[in-house]
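S.K.: What follows is the residue order along each chain.
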Amino acid sequence: MITIPMVLGVNAQKNHDAAFTDEMIGFSWDVNIPISNNFTNKTSLDGFQMDYRKMIKQDLSVGVELNWSGYDQYYPRKTYQIPSGAITTDFYSYLYTLPIAITVHHYFHAGSRLFPYAGLGLGATYADMKLYYNTYVSSEYNWGFLVRPELGAIFKFSENSGWGLLLGARFNYSTNKESSFNIDGLKSVGFQLGIVAMK
Amino acid sequence: MKKAFFFILTVMLFTGCFKEVNTDQLSSDFVVLTNFDSAANFKDYKTFVLPPYVGLISNTSSDSILDPQYGDTILGLIKSNLQARGYTEIPNDHQADLGVSVIALKEVTIYTTGWYPGSWWGYPGGGWCYWYYCGWYPWYPPYYPTYVAQTGSLIVELVDLKNITKPGDKLDVIWTNWNGGALGSSNTNLQNALNSINQAFVQSPYISAQ
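Residue numbers (the working numbering), protein chains in the order written: chain A, -16 to 182; chain B, 5 to 214.
Don't read these hints as lab results, they were simulated from the structure.
Keep in mind that the hints are not guaranteed to be accurate.
[To be verified] Within a straight-line C-alpha distance of at most 30 angstroms, the following computed DSSO-like cross-link-like pairs (lysine-lysine) qualify: (1) A/Lys139 x A/Lys25; (2) A/Lys61 x B/Lys110; (3) B/Lys110 x A/Lys113; (4) A/Lys61 x B/Lys83.
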């Protein structure tokens, strides 16, 4: 008799400790604000993210993130000093980044529908840079190492729903450099708003 | 199913994500680039000679001289800019401190692309005709829009004639000005060239005989 409640108690404890999902896949709109960027300092509204996460413990997941962001900015005609000379032109700067990261996220349980998280992504960033001036274009591309700490939350639409809302923020740092465009690393603060499907 | 949906959506968005930059806002004014020899002291030079004409290199013409109605105007502006900086023009059969070299380049590139209209209605069969093609499969006439892009450059150089020690010595270029961009009508091109020359001197305040 005494053992029955104890067994029930143990089972109940296991259910409370179960992960809120087994795996999830999410798709988000990704807005990025460049920081200390001499090439372009205009916020990018052209960005998307796909991420997959697999729970390996009750409150820990590993996964992969794939993003892209496009930045473009017009600079009016002006004279720029260069070594032993000067150039006068107006131009468009265009930066396209494709970060790919392996991620780890820790989840904090705040009820049965809200799951805040803190995470870290490590990976690489492909960057494509172009300058358009008059009828000409100068372009370079390169790869860099990426690190991105992030915070966010997943909000399930209902307790038993397999769908939820994802809201996140992170700091991105990539080591991409291009001296001809005066780029020494790419830094940005990003915000994500999207949908996740959980299983 | 969910994964397939997201994967397909992602592929679609990634393949469409290279944004076409709208360059309509870009000015048609020439890009003006100047470069100088940091070891040169422009105050050491007092006189200059101009060439009798502006040379021309083009991939569509065998002309080697820019039409004098444009070339003479360009040379005249270079002359007035140098005189304003304290330099004196002397006849080109005299030994001067600086030689002025001016050359225009014109390149014409033709782009063509073709596409085919949508399928013609129906299929041929005995006795059926489509326009004047009877008993044959429809002929799909392609359309070839042609785009012509002309770009041009005007290059002005100041050459050191003062420090030649003997005939045949290599001539040092102490200042180079490259002006370039898309070409339009002849009058537009001339105005762009003249504006560029003035800008080149504005961004080269070190060119001064005083």
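S.K.: Confirm or reject each hint.
M.R.: Now for the hints, and whether the structure bears them out:
| no. | hint | verdict |
| --- | --- | --- |
| 1 | A/Lys139 x A/Lys25 | violated (33 angstroms) |
| 2 | A/Lys61 x B/Lys110 | holds (25 angstroms) |
| 3 | B/Lys110 x A/Lys113 | holds (25 angstroms) |
| 4 | A/Lys61 x B/Lys83 | holds (25 angstroms) |
Going through the hint list in order, the structure does not satisfy hint 1, though it satisfies all others.
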